[in-house]
Amino acid sequence: MTATSPLPDDARCPCLSGETYGACCGRYHRGLAAGYDTVAAPTAEALMRSRYAAFAVGDADYLLATWHPSTRPTDLDLDDDVTWRRLDVVATSAGGPLDRTGVVEFVAHYRSAETRERGSLHEVSAFVREGGRWYYVDGDVPARRG
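Under this note's numbering, the first residue of the sequence shown carries the number 1, and numbering increases by one thereafter.
No wet-lab data here; the hints were simulated from the structure. Glycine included, C-beta positions come from ideal geometry on N, C-alpha and C. Honestly, I wouldn't trust all of these hints.
Listed next, with one range per pair, are the computed distances between beta-carbon atoms [unchecked claim]:
#1 G22 <-> A65: 12 to 22 Å
#2 D10 <-> A143: 18 to 28 Å
#3 A143 <-> D9: 37 to 47 Å
#4 E114 <-> S70: 30 to 40 Å
#5 D77 <-> G119: 11 to 21 Å
#6 S70 <-> A94: 15 to 25 Å
#7 L98 <-> R118: 32 to 42 Å
Whenever a hint applies, use it, and build me the whole structure from the sequences.
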């Protein structure tokens, strides 16, 4: 599955970095699709943001390619009813260009196109760097407080 609603390069990036899609996550999406390993997210947070943007534009191929082989599903069916609206990075631990592992905690906000209901996904994601590339390993949903 490829991107269902590709964004123009001059559109605001869905990850809300403040950059345009072409200067931010779009370059990773296009680089991987073209087979360029040199255009890879340099940090765990950058990979997490690019994966969020891939969900937002419907790029299942990118999501699968950046999922670690040990935990990657065989296929991925994205929900067309969900519109990803906002990403809040809560915290990061390690995950820099020279680290081997990293953790990123985030909250991704969405809306159902059909029911218009809003929701959010709060996750603490684990990443690993192998062969110079970052991969998503898995995520935990923190217990709700209160």
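Do the hints match the structure? See the list:
1. G22 <-> A65: 12 to 22 Å: Taking Cβ atoms as reference, G22 and A65 lie about 19 Å apart, which means the hint holds.
2. D10 <-> A143: 18 to 28 Å: violated, 41 Å
3. A143 <-> D9: 37 to 47 Å: holds, 40 Å
4. E114 <-> S70: 30 to 40 Å: holds, 35 Å
5. D77 <-> G119: 11 to 21 Å: holds, 19 Å
6. S70 <-> A94: 15 to 25 Å: holds, 19 Å
7. L98 <-> R118: 32 to 42 Å: holds, 39 Å
In this structure, only the earlier hint numbered 2 is contradicted, and the remaining ones agree with it.
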